[in-house]
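Novice: Combine the two chains into a complex, taking the hints into account.
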Amino acid sequence: MNEMTTPQGPATTPADWASNQEVRWCPGCGDYAILKAIQRTMPQLGARPETTVFVSGIGCSSRFPYYMETYGFHTIHGRAPAVATGIKLANPELDVWIVTGDGDGLSIGGNHLLHLLRRNLDCQVLLFNNEIYGLTKGQYSPTSRVGTTSPSSPWGSVERPVYPCEFALGAGARFIARVIDTAQKQMPAVLERAYRHKGTSFVEIYQNCVVYNDGRFEEFTDRRSAAHTQLWLEHGKPMLFAGGTKGLRLNPRTMRLEVADVVDGDTSEIVVHDETNKGLAKMLVSMRFPEFPVALGVIFCDPRPTFEQALAAQRRAHAGEGPADLDQLLRRGPTWEVRRQG
Amino acid sequence: MATAARADSRPALDPAPDHVVVRFAGDSGDGMQLAGGQFTIATALAGNDLATFPDYPAEIRAPQGTLFGVSAFQIHFGSSRIDTAGDQPDVLIAMNPAALKVNLPDLRLGGLVIVDTGEFTDRNLAKAGYASNPLEDGTLAPYQVLAFDISRQTLEAVKDFGLGNRDALRCKNMWTLGLALWMFGRPRQPVIDWLKRKFGPNELLREANIAALNAGHAYGETAELAGPLKPFRVAPARVEPGLYRTVTGAEALALGLVAGAKLAGLPLFFGSYPITPASPILHALARMSDLGVTTFQAEDEIAAICAAIGAAYAGQLGVTSSSGPGMALKTEAMGLAVMTELPLVIVNSQRGGPSTGLPTKTEQADLYQAVYGRNGDCPIPVLAARSPADCFEVAIEACRIAIRFMTPVILLTDGYIANAAEPWRIPRIADFAPIPVRFHDAPPPAGRVNPYERDPETLARIWIRPGTPGLTHRIGGLEKSFATGDIDYSPANHQRMTETRKSKVDGIARFLPPQGIEVGEPSGDLVVVGWGSTYGPIRQAVEAARARGLAVSHVHLRHLWPLPRGLGEILRGFRHVLVPEMNMGQLKTLLRDQYLVDARPLSKVAGQPFRIAEILQAIEGMLA
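So the sequences go chain by chain: C and U.
Numbering-wise, the first sequence is residues 1 to 342 according to our numbering.
Numbering-wise, the second sequence is residues 343 to 966 according to our numbering.
Some clues are possibly wrong.
What the hints assert, rightly or not - Calculated pairs, SDA-like style, for lysine to any residue (alpha carbon to alpha carbon, straight line, at most 25 Å):
no.	chain 1	residue 1	chain 2	residue 2
1	C	Lys185	C	Trp336
2	C	Lys137	C	Val211
3	U	Lys540	C	Arg331
4	U	Lys540	U	Lys572
5	U	Lys538	C	Ala33
6	U	Lys844	U	Ile806
7	U	Lys844	U	Ser697
8	C	Lys198	U	Glu498
9	C	Lys36	U	Arg790
10	U	Lys572	U	Gln639
11	C	Lys36	U	Gly809
12	C	Lys198	U	Thr810
13	C	Lys36	U	Leu820
14	C	Lys198	U	Asn717
15	U	Lys443	U	Asp429
16	C	Lys137	U	Asn717
17	C	Lys36	U	Pro811
18	C	Lys278	C	Gly322
19	U	Lys538	C	Ala313
20	U	Lys538	C	Trp336
21	C	Lys137	U	Tyr831
22	U	Lys540	C	Arg332
23	U	Lys538	U	Glu498
24	U	Lys538	C	Lys36
Hint data in this document are derived by calculation from the structure and do not stem from the laboratory.
This one's a predicted model, so the numbers in the text were calculated from it and none came from an experiment.
Same shape as in the complex, but just chain U (with noise of 0.2 Å):
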């Protein structure tokens, strides 16, 4: 039976909190993430609003119960408005030494840790580069504390199904998750439902989870009878109504896709080449077939992005997607979508850099490649999601821009958007407005066609699909004729087409609506100013400053270039300007470029995101 918890003298958890951050710590095979994704389910369907963490090794399978081997997956969830998945863990379950050594100094004092005693032994202390056993030598005094033999309660839980003692033991995940759902007193029901689907025929394996499930569950009814365990209550969220469920970043990106090509009428061809942490975008779209979706897994990224060039050209949306090194790759097509004007949508999911560099771990350190890093005066359009719902829409913005203005365009995410997960109200594709799309198919009353022929307007070109009768043209990566299309160095020539596509992508801006502010008044002592993931903890930071009676504002920019219309009048509306980004200060230059303000930067590149502490922090000295 469970040893019991430590009497301490710590503030102890309140068993009704209006929020908690959880974390599940394990071997990288321990099936972290499985767990974690399901207690999300599960919390969502409880009607909490969350947001998750999913911190996972490079390594399919480190070997057993090293430090550099510990998968984990946190979740924040609560009763009001959620924006991060949290600073510190309250209640940390750690699955072995490594899981222990590794997370132990993010919990917060006065936090619930649960081990597994199972796996406290000399070879695995050992490994984790503990000298002592920190479940005896005091280490975990801070602390409340549950040990107790998890791998022994699988082992009994699972025997009658004559499981090897390995597979058997791959139920620890699942005994520790109906623990984790007794805790918070959440339905097993759809767990169970999951573990029918994903088991399918194998009934074994299927009913050996399911038993260890139980096992767990009904492990803390009777702790909790014993004493030491008590369940915690988190009141369901006041939302909007509607029909919600939960989205990774990476998923809503490839829908948010799918629902453009719809709203355009066309056909969407995906070209791709699998990179961390890009590729769940290619998963979810392969199986899409059905809704006019052509997956292309190319022999590489440069392949990858010509094909989309191809598909683009001949009448379909072209959308490619990578992470950095892969970005690198396609920098050449990328120019030559920008001399041709066709529509093309590149995702960008950012990792850590350069080179390989982190390639689980989060960054947003791309962004002077996507505005700056191209051969020639070569503008791309270019956006950021801020969290995994916002995918959805972005990804339908981005293609809207570049249908509409015939352009290349980049749809930045990063890797902590595309696997974390939070609750998302689904939208109706009714509510979104349609894309319009015009091919060109009118031969011209007289002469050739000049495929660069533009709309005064807007200044994109036209579309001319092959297969249109008496409109055959060339198009290509030399500089054209602004006049006829033909090939054209002259010098004249090359300068209005190079201002004409300058025009075009600064133009854009005309057409969107103008920087709103995010949090606070449009002037005042300091703006915070971010762009993608780290909007959650900008958020709270500054709502935390506000309440601390600092005239602070936020504003977050879904459009990095152009740069949105009033964005300079907000910024001189401010004495202070800070941008926290997960880079040395890129958005930082591109500000102080753009509007000769003095933006002042608060880097991290730590491979994780902001806490909202580090933020407040620097708000405070900005302003101390």
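Same shape as in the complex, but just chain C (with noise of 0.2 Å):
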């Protein structure tokens, strides 16, 4: 199913993946978190520093390239999905990674995430959502409920958001997981998964803008309760949260999924997580906090030929049928010879 990347080259180390540059987010920006649980698992996979390449659009999570010591293009707003294209294209060797934001890749660039997901390119799309538009200070986004007061809000947004999970699947993706920026527990383990997936990986990490949105996600990311808010998926095994005293069944009647309590330890009505099962995936990703936990991990996972493989293949199918020499392509089809007259 998923390849194995074999790693060529010395270990690394966490360090080994930080540039020189200084880290300028706010202090206490959710961001750093994830920079930090990045590079802390790059050596973990194997990866190699020259052979990476992150990808960015515009706003705060963009700036992500410049901290890490790997290629990086920090693009312009929206497009990281298309540049990202065009690099792996052209050297499918390259270890491809974009970071976006709900602005970037949602609202600005939403149609190249939707194709970039369609079309199956193998990289990792990791999706910082703050639901809020940081860099330009403060105003509501894609993603931000309904109600959201902010400077261009002022009366609070009557816009309905975007569930980002939710318009992956609906684009095509074939890997969707999901991740709190605080989970540095977890994080490694979604990020490998990602990285392994031949094909488009979405990533939604929850993360907190301290200054435009902070709590936002508190609800459910308190570590006190996290126990009761948070649903963290394994693969063939049941549904469970509330230390195993709640769970997710299917009810056959109205083919939703409901909170069911566990009693004495009989998980015979908990929906076992199949991360190839789509319709259980959107099943999952359209579950709203408080009335269910929320779904974290590996939601959905069931790899296609990537993009540049498929394109690959065609190539070799068709080989050899058009002239491979290019005096002889300007030599084809109807010329005449003018010999030198008198």
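Specialist: Quick look at the structure:
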């Protein structure tokens, strides 16, 4: 299913992945934790800095490449998926990571993200969702909840939000995962799964904007209540939370998930997570807190041939149909010779 | 049988002319472009010099019989040098009343008009807005007329194949082409070969079309015997010896881009989004993967250029292509390519504007956009092709500048050049100088690499491919330090980087040949300065003016930014400067700005190329 990448060259340490640039996010920003987790994870993946490219758009999250000692391209607003497509098609050997945010990836760049996902380019998309425009000083974003007050919505926003994982699933993503910026324990494993997956791996990361949207996710990220608010998914295991006392079951009459109490450890009614089941994935990404816990971890993983694999296969299949020599190509079709006269 | 041609006192057509202009016109579904294209190949194979002008509506299948649904294909061919598709047709083939109505005003007096009487029904006459039948009311008196029922002749020719009426009538264009081939003494075999390729296993349509072609040809022979129709003989042109083919601008451009990549030893990455009239370049390249070409049909114009930028960053030759509206969308990304100093070729097949404008009509009104149209001080070299065949060399030149100077380059062509065909003496790739490429791969002895380290002569920055050990670095749209390549917003640094980007692009002129003179002396009374597809009519008009004793010269620009060395001196050597352009005077502004000369515009934005006569009249007007 998913191939393992063989490490080339000596082992790296997290320090090898940190650039010499001073990190310029606000103190306390959730981006720091994500950066740290990624720098910590890269050595475990066996990835190499020189074959790794971080591509970003515009926004707080998009400063990310400057802080990684890899190849990096800080592009323009919303266009990272397009630039990444050119990079990966030109050199499929590179590990391409896209770092984007809710505004960059789902507003100005929503179209590119849609097409990246449906084409299934082999890359990782890390979408930092803080439900706000940070770098432009706090306007509501496409993921902001209805009623978000901001400089551009002084009476509260009226637009219904887009849910990143629902969007990704609808766009045809073959890998969807979700984590929280502070989940340092779980994040490396999710990142590793995303890295190993061949195709576009979409990872939504709930990220706290300490200045413009502080505590937005606190209801379910607070460690004290996390056991009751978070459901960490494991393929092949019943979907349990609250210390195993609650789980999700499917109501066959409504065809909806519902929260069920687990009595005496009997999980026979609890749905077993199958990450290849798109129908289940649809239900998991549609669950809203607090009626449901927040589904975290790998929600959906069902690989298909990647864009670059499909293109390469087609090229091979049609190789030799046209001239491989340019001079021959120029001379193809009706030609005539003019000889020297007189 | 044929209605006898009207006896007429007008000057008859010369049976052995030096050059002839023929226009095929019909409904957009009549296959006039196909007939014209095949007639072009037959004409080229007969050794004539030629130029064509396909002119078709924006609608794929406009309602039948309407004036706006008329599609036309004009070809000018002869035994001497041909630079334009011709001011006025000598022969007009009109497949219905609408085609006659739209095109008759262009036919020269005494010219020959061939019409399909089968289409001159009351209904079609009404659709074309004819109150009475022009075949009968004297409208055609100033012309020679061959009026006969081509529709019926075609049905007769294909009746054995059992096609439905509709399919049978679709062979009309081949019947007409057969007649045209007979009129000019062209062999049918190349067309028959083409029909065999086109219809392949569909034997019925293949044989029916061949039968229609043969019938049209035979009709000519018979009609000649009967009297009214005489064949023309146009002797082959005396041209430089060599192997020739016909080529459209779009074909030549695609081939030139592949040649540029090959000369550089780089794979070609072509990111594009469908748009009229640029799409034929994408179509041509989509089949060239054996030559190291990757085509990417992006989700939009922005993604198309951004993917090309990504490919350039990864070490390929990145190219994107569009037309005016798409260029507008790509603008921000062009700025990114300027900031990151990556090689990129941006092709603009200009059409009539603004906004959606006239998608299928030609114009050259995107010069301001190319030279000036970006935020910030954002210089990009700009080149323009002058003819279909010229697209090949200009494409190579654009690739060369992009790579040598690590810069995006804009290549301007237009809808006329893209679709028009002309004979092309096929070059050998080995005749072109290679384009040296050096990927930087040596880690610095100490410290970190500065990706903005520059060649002191060209000011081009180093090109580092991701994947190269020891040279990891970050680039992007934020201003970077001249010294380290890190983000740097300091006032002195932005001043220095802006000046450096300007110096780099300005400096390209030092490496280009000085401006030459196309026709005439380096000084005189009037210089006509042009760029792009106005080449043909300007050249012919200047030749004509000189033949009348006027001291006129022609200067034609390939490089529009930076402008070539020596251009200012040339302009100052003339009393008058005339700039004919298919816009409201954009090069005129550029010349005034750069050289403080009193350049005068001659503007035409009719969606049609200039006529020679229009430019000649302006020349004479200025010198009167």
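Novice: The structure should be examined with respect to each hint, and the outcome stated for every one.
Specialist: Going down the list of hints, with the structure as the test:
no.	hint	verdict
1	C:Lys185 with C:Trp336	violated, 73 Å
2	C:Lys137 with C:Val211	holds, 9 Å
3	U:Lys540 with C:Arg331	holds, 19 Å
4	U:Lys540 with U:Lys572	violated, 31 Å
5	U:Lys538 with C:Ala33	violated, 67 Å
6	U:Lys844 with U:Ile806	holds, 22 Å
7	U:Lys844 with U:Ser697	violated, 30 Å
8	C:Lys198 with U:Glu498	violated, 62 Å
9	C:Lys36 with U:Arg790	holds, 23 Å
10	U:Lys572 with U:Gln639	violated, 50 Å
11	C:Lys36 with U:Gly809	holds, 23 Å
12	C:Lys198 with U:Thr810	holds, 23 Å
13	C:Lys36 with U:Leu820	holds, 24 Å
14	C:Lys198 with U:Asn717	violated, 39 Å
15	U:Lys443 with U:Asp429	holds, 18 Å
16	C:Lys137 with U:Asn717	holds, 23 Å
17	C:Lys36 with U:Pro811	holds, 23 Å
18	C:Lys278 with C:Gly322	violated, 41 Å
19	U:Lys538 with C:Ala313	violated, 31 Å
20	U:Lys538 with C:Trp336	holds, 20 Å
21	C:Lys137 with U:Tyr831	holds, 20 Å
22	U:Lys540 with C:Arg332	holds, 16 Å
23	U:Lys538 with U:Glu498	holds, 21 Å
24	U:Lys538 with C:Lys36	violated, 66 Å
Of the numbered hints given earlier, the model fails hints 1, 4, 5, 7, 8, 10, 14, 18, 19 and 24; all others are met.
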